[in-house]
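In case you want the letters, here they are:
Protein chains: 2
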Amino acid sequence: MTSDDVLRTHLQELRRGTVVVASLTALKSPGYGYGLLQTLARHGFNVDANTLYPLLRRLEDQGLLTSEWNTEESRPRKIYRTSPAGEKVLALLLDDLDAVGASLASLTEGDPA
Amino acid sequence: MTSDDVLRTHLQELRRGTVVVASLTALKSPGYGYGLLQTLARHGFNVDANTLYPLLRRLEDQGLLTSEWNTEESRPRKIYRTSPAGEKVLALLLDDLDAVGASLASLTEGDPA
Chain Z
0 MTSDDVLRTH LQELRRGTVV VASLTALKSP GYGYGLLQTL ARHGFNVDAN
50 TLYPLLRRLE DQGLLTSEWN TEESRPRKIY RTSPAGEKVL ALLLDDLDAV
100 GASLASLTEG DPA
Chain L
0 MTSDDVLRTH LQELRRGTVV VASLTALKSP GYGYGLLQTL ARHGFNVDAN
50 TLYPLLRRLE DQGLLTSEWN TEESRPRKIY RTSPAGEKVL ALLLDDLDAV
100 GASLASLTEG DPA
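Residue numbers (numbering that gives the first Met the number 0), protein chains in the order written: chain Z, 0 to 112; chain L, 0 to 112.
Only chain Z is shown next, with the shape it has when bound in the complex (with noise of 0.2 Å):
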């Protein structure tokens, strides 16, 4: 493994959540797949389609997104939207973040291990 590898893992590993984080967050308005997958991007948060489509239907299975079909179009597309139930798992995330943020200051702040 190559220090470019390692720092890759890692930063692969602190952003995994955060796609999930994004992802409830930005479909609170309701979106289609790759409609996310523009607006993630244009935040920085660069999700390749293969991770995202897949975490969408993950999210839906855990009732954390909802969906339907718009059939209005010559090809029928998926619009998904956070649940009742994924705002509230949500804010339970953001909590946390903020909470891991709090904690890791704290830290940086100076307590020898």
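Among the clues, some could well be false.
If several chains are the same, the list does not tell them apart, and a pair holds so long as it fits within one copy or across any two.
Each computed SDA-like pair below joins lysine to any residue, with the alpha-carbon atoms no more than 20 Å apart [stated by the list, open to error]:
1. 87 with 3
2. 27 with 56
3. 27 with 101
4. 27 with 94
5. 77 with 59
6. 77 with 60
7. 27 with 69
8. 27 with 105
9. 87 with 56
Simulated from the structure, these hints should not be mistaken for laboratory data.
With chain Z fixed as given, assemble chain L onto it according to the hints.
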């Protein structure tokens, strides 16, 4: 999967990468694994020893931690310390966490998917 399981899974995923950040931060001051476990718990990172100890060995293998044995006591104990390479990776991970925070904030301000 119950809704508690769903939440727990997402929290774990969100936390996983941050334990690396917390460990590299805390071990700028050299410490034992057990001492680190206590420091992390005091700062709100409740990590299991069965998770933390293998993580420390992995970070050492990756060159992000160095270690030496303290043989002054009856039972030799390994003292870990964040290496210069570890400090570089830590700085990049902290930058990334800041970027994630900024990205989430800009998403929350509302930008439809």
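Consistency of the hints with the structure:
{"no.": "1", "hint": "87 with 3", "in the structure": "between (37 Å within a copy, 12 Å between copies)"}
{"no.": "2", "hint": "27 with 56", "in the structure": "within (16 Å within a copy, 41 Å between copies)"}
{"no.": "3", "hint": "27 with 101", "in the structure": "between (26 Å within a copy, 18 Å between copies)"}
{"no.": "4", "hint": "27 with 94", "in the structure": "within (17 Å within a copy, 27 Å between copies)"}
{"no.": "5", "hint": "77 with 59", "in the structure": "within (12 Å within a copy, 46 Å between copies)"}
{"no.": "6", "hint": "77 with 60", "in the structure": "within (14 Å within a copy, 45 Å between copies)"}
{"no.": "7", "hint": "27 with 69", "in the structure": "within (17 Å within a copy, 54 Å between copies)"}
{"no.": "8", "hint": "27 with 105", "in the structure": "between (32 Å within a copy, 14 Å between copies)"}
{"no.": "9", "hint": "87 with 56", "in the structure": "within (18 Å within a copy, 37 Å between copies)"}
Every hint from the earlier list agrees with this structure, and none is contradicted.
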